[in-house]
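*Asks:* Each chain, written out:
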Amino acid sequence: MTDPENIADGVHPEAALLPWYANGTLRDDERGQVARHLESCEDCRHELNELAQLKGNLNAMYQQVPGPSARLARSVMARVAAEPRTRQNQKGRDTSWLSDLDQWCRSLLIPQWVPTLAIVLLVTQMVLLLWVGLPLPERDEVSSRSIGMETTQAMQIVLAFQPSATEEQIRSLVSGLHGRLVDGPTPAGLYTIRLPRQDAAAADQLLAQLNTRHDLVRSAELIKP
Amino acid sequence: MDATYQSDGSEPDLLATVAMGDQSAFERLYHSYEKRLYQYVSTLVSDAALAEEVVGDTMLAVWRGAGTFAHTSRVSTWIFGIARHKALDAIRRSGRRQREVDLEGTGELPHPHDHPDAGVLRNQVTRLTQRALACLTPEHREILRLVFYEELPYEEISVLLGIPTNTVKTRVYYAKQRLKEQLERVGQKEPI
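In order, the protein sequences belong to chains D and H. Numbering of the first sequence is given in our numbering, commencing with residue 23 and proceeding in unit increments. Numbering of the second sequence is given in our numbering, commencing with residue 6 and proceeding in unit increments.
Chain D extracted, bound-state conformation:
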């Protein structure tokens, strides 16, 4: 068959629905659309009249076309009766629960819940992104550092500087140790420094080095936990 893919140019879109307007199976909205169009379109009213006439002619014709022979009915009924009734009933029951199972499985495949799931996933993703993207509150930073320093408390050292040491020299030394001044100076002139985590040998070595800096350091002691 070589029908064009589309209805000819110039034909109103409503004309494509006229056969179903004539057979009464259009949805209400489509029926309303066609009815409104028909009020103002003489061509489509004419087309509808032709379709109604065609429908009448086809009905009249098909009513006169004979059906199959009575022999066919007898043959079909005999074949149906020949199928064991009990098996048919069993089949019906099997079909029933199998059908229920089939319907249930099919309902899982019907994507009614997919939009809901998609929305939930999107919202969850957005919340996670916002949470990750937000800057950490200060208290979290303090607490995490505190947690980190729990193990480095053993790495806290107390330094006593020479009276001649300047503030700049003290800061430079602390910076060189990659430490942080957490206390001091005390009335006794002591500074407590927190150092990055390191093992005992490294700590001892560091203390030994500090205690050789007589120009700057009077004493360096490790605070034991």
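These are computed hints drawn from the structure, not numbers from a lab. Be a bit skeptical, because a hint or two may be false.
Unchecked claim - No farther apart than 20 Å at their CA atoms in a straight line, the calculated lysine to aspartate or glutamate pairs in the EDC-like style are these:
# : chain 1 : residue 1 : chain 2 : residue 2
1 : D       : K77       : D       : D65
2 : H       : K185      : D       : D226
3 : D       : K77       : H       : E189
4 : H       : K185      : D       : D65
5 : D       : K77       : H       : E156
Based on these hints, arrange chain H on the given structure of chain D.
*Replies:* Just chain H now, with coordinates in the frame of chain D:
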């Protein structure tokens, strides 16, 4: 469509009863569909014996598979779908070209309530319609019957024929045009 064959909302219930193995329910279903099915199959299959065979196979398939009806369409669409598959299978098996449909020779019966002249006129129109229809392709005959006699919505025809709804609309549009052309042609040969 003839009121005798008008389906109603009880068809799914009737089919459910058939699914339980009720032969009397099947007999009712058979008699409400035999003529419709035979005529529908005849739009696709030209051989009367083959058309009867397809109808018989279709109704047996309905008997055996009634429990598989999924309620996603009308019962009629489901049954016509089975018939269509079996008809196309039969055509493939027989290897015959379906070029002419035997719709001739059936239009001579007067309508029981017609005036004699009206009866003559009706028979002439029916005969012309038969001749014009016989000149159409099987696809055009089939879709005109589904729309104007079976009164199926275009969505169900789309499912039945396995084609997009837009193609359904286009096919009906051109089928109607071709039928009109053929009616004019045979009307000139045999004026009413």
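*Asks:* Please flag the earlier hints that this structure goes against, numbers listed from lowest up.
*Replies:* Failing hint: just 2.
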